[in-house]
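Work out the full structure: start from the sequences and follow the hints.
Protein chains in written order, with numbering that gives the first Met the number 0: chain A, 0 to 276; chain B, 0 to 329; chain C, 0 to 315.
Note that these hints are calculated values from the structure, not bench results. Quantities reported herein were computed from a predicted structural model and do not represent experimental measurements. Among the clues, some could well be false.
[Claimed, not checked] Capping the alpha-carbon separation at 25 Å, the derived lysine-lysine pairs in BS3-like fashion look like this: (1) B:Lys191 to B:Lys324; (2) B:Lys191 to A:Lys111; (3) A:Lys120 to A:Lys132; (4) A:Lys132 to B:Lys191; (5) B:Lys324 to A:Lys120; (6) B:Lys191 to A:Lys120.
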Amino acid sequence: MNLVFENLRKQYGSNVAIDDVSAVFEPGLIHGIIGPNGAGKSTLINMTAGSYTVTSGRILLGDRQISGLKKYQIAGSGIARTYQNIRLFDQMTVLDNLEVCYYADDAGLAWKEVLWPPYAKSREAERHAQCRKALAQFDLLPWISEDAGSLPYGRQRMLEIARALVRDPSVLLLDEPAAGLNHAETAELTARLRALRAPHRIMIIVEHDMDLVMALCDRILVMHHGKLLFQGTPAEVQGNTEVQQAYLGTSNDIDEIKSAAQDRRAKLGLRARQRSG
Amino acid sequence: MASTVLTTAPARAPRWLAFLLIALAAALIVATPFLPNYYIRVANSLLIYILLGIGLNIVVGYAGLLDLGFVAFYAVGAYTYALLASNQLGIHLPLLAILPIAAVIGAATGILLGLPVLRLRGDYLAIVTLGFGEIIRIVINNMDWLTNGPKGIPALDRADMLGISVARPSEIFWLLLVTCILAGLAVWRLQKSILGKAWAAIREDQDAAAGVGVNTTNAKLAAFAISATIGSIAGVIFAASQRFVSPESFSLQESILIVLLIVIGGIGNILGIIAGAAILILLPEVLREFAEWRILFLGLLMVVLIIIRPGGIVPRSLGPDVLFKSLFRR
Amino acid sequence: MWGTIVQQTFNALTIGAIYALIALGYTMVYGVLRMINFAHGEMFMLGAYAAFVLLALMVPDIGAAGALALTAAFFGAILLVGFAGVGIERLAYKPLRHSTRLAPMLSSLGVSLFLVTGVQIAAGPQPRMFPHLFPNQRYEVLGGSITSVQIGILIAAFILMLGLHFFVNRSRLGIIVRAVSESRPTAQLLGINVNGAISLIFFLGPLLGASGGILYSSYYGIMTPTMGAVVGLKAFTAAILGGIGSIPGAMLGAFILAFVEVVGTALLPILTNGAIGTEYRDVFAFAILILVLLFRPAGLLGEAVSEESMVYKREF
Ligand SMILES: Nc1ncnc2c1ncn2[C@@H]1O[C@H](COP(=O)(O)OP(=O)(O)O)[C@@H](O)[C@H]1O
Ligand SMILES: [Mg+2]
Numbered sequence: 000m001n002l003v004f005e006n007l008r009k010q011y012g013s014n015v016a017i018d019d020v021s022a023v024f025e026p027g028l029i030h031g032i033i034g035p036n037g038a039g040k041s042t043l044i045n046m047t048a049g050s051y052t053v054t055s056g057r058i059l060l061g062d063r064q065i066s067g068l069k070k071y072q073i074a075g076s077g078i079a080r081t082y083q084n085i086r087l088f089d090q091m092t093v094l095d096n097l098e099v100c101y102y103a104d105d106a107g108l109a110w111k112e113v114l115w116p117p118y119a120k121s122r123e124a125e126r127h128a129q130c131r132k133a134l135a136q137f138d139l140l141p142w143i144s145e146d147a148g149s150l151p152y153g154r155q156r157m158l159e160i161a162r163a164l165v166r167d168p169s170v171l172l173l174d175e176p177a178a179g180l181n182h183a184e185t186a187e188l189t190a191r192l193r194a195l196r197a198p199h200r201i202m203i204i205v206e207h208d209m210d211l212v213m214a215l216c217d218r219i220l221v222m223h224h225g226k227l228l229f230q231g232t233p234a235e236v237q238g239n240t241e242v243q244q245a246y247l248g249t250s251n252d253i254d255e256i257k258s259a260a261q262d263r264r265a266k267l268g269l270r271a272r273q274r275s276g
Numbered sequence: 000m001a002s003t004v005l006t007t008a009p010a011r012a013p014r015w016l017a018f019l020l021i022a023l024a025a026a027l028i029v030a031t032p033f034l035p036n037y038y039i040r041v042a043n044s045l046l047i048y049i050l051l052g053i054g055l056n057i058v059v060g061y062a063g064l065l066d067l068g069f070v071a072f073y074a075v076g077a078y079t080y081a082l083l084a085s086n087q088l089g090i091h092l093p094l095l096a097i098l099p100i101a102a103v104i105g106a107a108t109g110i111l112l113g114l115p116v117l118r119l120r121g122d123y124l125a126i127v128t129l130g131f132g133e134i135i136r137i138v139i140n141n142m143d144w145l146t147n148g149p150k151g152i153p154a155l156d157r158a159d160m161l162g163i164s165v166a167r168p169s170e171i172f173w174l175l176l177v178t179c180i181l182a183g184l185a186v187w188r189l190q191k192s193i194l195g196k197a198w199a200a201i202r203e204d205q206d207a208a209a210g211v212g213v214n215t216t217n218a219k220l221a222a223f224a225i226s227a228t229i230g231s232i233a234g235v236i237f238a239a240s241q242r243f244v245s246p247e248s249f250s251l252q253e254s255i256l257i258v259l260l261i262v263i264g265g266i267g268n269i270l271g272i273i274a275g276a277a278i279l280i281l282l283p284e285v286l287r288e289f290a291e292w293r294i295l296f297l298g299l300l301m302v303v304l305i306i307i308r309p310g311g312i313v314p315r316s317l318g319p320d321v322l323f324k325s326l327f328r329r
Numbered sequence: 000m001w002g003t004i005v006q007q008t009f010n011a012l013t014i015g016a017i018y019a020l021i022a023l024g025y026t027m028v029y030g031v032l033r034m035i036n037f038a039h040g041e042m043f044m045l046g047a048y049a050a051f052v053l054l055a056l057m058v059p060d061i062g063a064a065g066a067l068a069l070t071a072a073f074f075g076a077i078l079l080v081g082f083a084g085v086g087i088e089r090l091a092y093k094p095l096r097h098s099t100r101l102a103p104m105l106s107s108l109g110v111s112l113f114l115v116t117g118v119q120i121a122a123g124p125q126p127r128m129f130p131h132l133f134p135n136q137r138y139e140v141l142g143g144s145i146t147s148v149q150i151g152i153l154i155a156a157f158i159l160m161l162g163l164h165f166f167v168n169r170s171r172l173g174i175i176v177r178a179v180s181e182s183r184p185t186a187q188l189l190g191i192n193v194n195g196a197i198s199l200i201f202f203l204g205p206l207l208g209a210s211g212g213i214l215y216s217s218y219y220g221i222m223t224p225t226m227g228a229v230v231g232l233k234a235f236t237a238a239i240l241g242g243i244g245s246i247p248g249a250m251l252g253a254f255i256l257a258f259v260e261v262v263g264t265a266l267l268p269i270l271t272n273g274a275i276g277t278e279y280r281d282v283f284a285f286a287i288l289i290l291v292l293l294f295r296p297a298g299l300l301g302e303a304v305s306e307e308s309m310v311y312k313r314e315f
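Structure below.
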């Protein structure tokens, strides 16, 4: 089952965040999305996960159209994600953070869990077994009954990935999983992510850490100003001059940044106070 | 192994404390029916507030939604009993028939009110429920032909269950006690179920909850409906014990007091609710001369507690199950 | 008929002006802190009581107070309530700024309860007469009659709102307040004194609310310790109707709400043959609230709050 972007477009007022992006993601492969800040990488993830609406174009998983579905429906149909800024359920235990993901499967029988304790017990045991498996993959078992918010930052990153993984999703979207991690933790993350590759699973990683991307990914998409600038294997990406330029930046970019800043100030009315002189 | 070092011990209470609390509760329960009626009435109003607290806590404590019109559901239950068991409409149904009717009406009211609001984000719920509580009171006050207006409905039937009278304070006491225990158990099981986990996730981060597959609107609606049901049942028993209802009992202040007792005792915790209700009910009984100062003090207490002890006076981890476990620990 | 229409328009404008003064406080606080300040209705009530107390201190017979005493009491009272608002924010809300979303709202509920009972204990729970701020005269205009009290209320409210408008849009402090409500983290990064801006909002909101309370009490000639709750609810509805967080929205919402209320109360008994009478006046605000939330949750002038805009604010 491929994940397909068809002429995706996302617009905020006049700001085009994603401009006519088409791409195909295949199961069994790890896809990287790279690009400078503001290129639209997170927007792609957010649209796929249903957090953002799509201005035009379609997102398909196999034959099924994903774009336009509610977020919980998308999550329920096997697309899991992490966030650029960690979003855990801070005051729930590590175990509960994972267990709640089974709501999509078990909500219909919640009344039975309440009224018939033996059923609740067995169902809970099944869920816990799955959760423990995911937690074990990330060596999080020692923290299992701690509040998620009390974990060290690096462990929280791992926990977020474990949470995304618990229902064995067919699409795994990771938005900057290495952000804020130190060198050793990034190495650990790289190893763990490599182990997540599975024949039925599409993995998409947005990342700034080029070592991690080059080491892990089979295909790489390069985004720039909302457009798909280039796609290819790590070797092809590294050899491409256009890509290098996008990262180094041209004088053009500096002008753009300046004018954007000006716009923002005008919006806040600060310019009204600037005396000419 | 590293794990044993890092794992926090499961919540425990000192054994003497567990013993003391359980013994105290048992002694109070056994002794109350033999006390003079005045004390039984105090105990009954304590139990009513505990029941209301258990109901509201689902929405406020578990799902993190602020409901300021909870008393409306209480009113719905009370007036259901009043209309179906009095001369007002000439209908005289038994208590056992009214309870399920009131539960259904309560849940339906909760869903009808929740439907437009719960799919929205933000804190509109607080303001809409606040408005709803006021509206219900206004409507009851003015629908004279049905509710007899501000005068209220007097002379409600003496309730009985399968031939056993439940009208005297001591009889109501047992009914309330059983209802509280049943509601407490049901809510406890709910909290442990997948629905309870979903509520907690919604409380923590609604968007992330939807992101892991929780249909947040439905989960919130369930919380709202269950809470309304418990509120409505509390209303039925209240009406059956007073044998008189009037709009006065269902003021906005009453709603706020129920929120208050949850917050003071400890949000999301049944022992906290009991403690909160005890403070709320027993305080004015003890400080009779200072009756009007009590709300002033409670308002202040609420602010201070939220700032210095946001979890309330009873720690969240200290539930009845922990108490019992501590008691039977080697 | 024509006379009635003119008459009801004047009535609606008067009530709308008062709602607007209160709605502004709700909307400004929500714009910056994303918090419903349940104690704001009490600022309205406090305004009336503070003015009453100041008057009583200044003149022996409140009913016969002169223009100077009335003016002094008005401004003294709204300044007092403004400072009280700042103090309350410092003590009861500021410590909770990094707490859960529920915490400051619960705290404001506690404050509200405290203030209402405090006034009840100090001044008694019964309603009290409130003097007219303006000499009471009737003028015939376009077939309806308008009282000098109404004219005074309209002028006072107009001046206050115009002042707020210029303050927010033209003054340096106002721009800072707007920057903070646009994005608190960004403002902080720019070196803006966020705490100062929040204090300012908790000064202006209660000040306007208190002025509304004084005008309201002098319009109806009465004040009660509990009058903040219902009027507060309506003002909040006005703020949502206009688009919560939007200052012009709050004013617009207030006038629309007042018109619907006045017209509805006048029409409903006729339409239903008296089955539904004026007692249902307070139900209109609520019905409007539900309708707005159903069909236009962002309000008339507000920006839609979606996960998208939240994520944006969170990450930038
Ligand atoms: N919620 C939003 N509202 C308005 N503009 C947004 C929003 N989210 C992203 N953008 C804009 O879209 C563009 C792409 O952003 P993003 O996808 O976050 O970039 P990246 O993740 O590649 O750094 C940026 O110009 C950003 O300003
Ligand atoms: Mg990004």
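Hints and how they fare:
1. B:Lys191 to B:Lys324: holds, 17 Å
2. B:Lys191 to A:Lys111: holds, 12 Å
3. A:Lys120 to A:Lys132: Holds - the C-alpha atoms of A:Lys132 and A:Lys120 are around 18 Å apart, at most 25 Å.
4. A:Lys132 to B:Lys191: holds, 21 Å
5. B:Lys324 to A:Lys120: holds, 18 Å
6. B:Lys191 to A:Lys120: Holds - the C-alpha atoms of A:Lys120 and B:Lys191 are around 10 Å apart, at most 25 Å.
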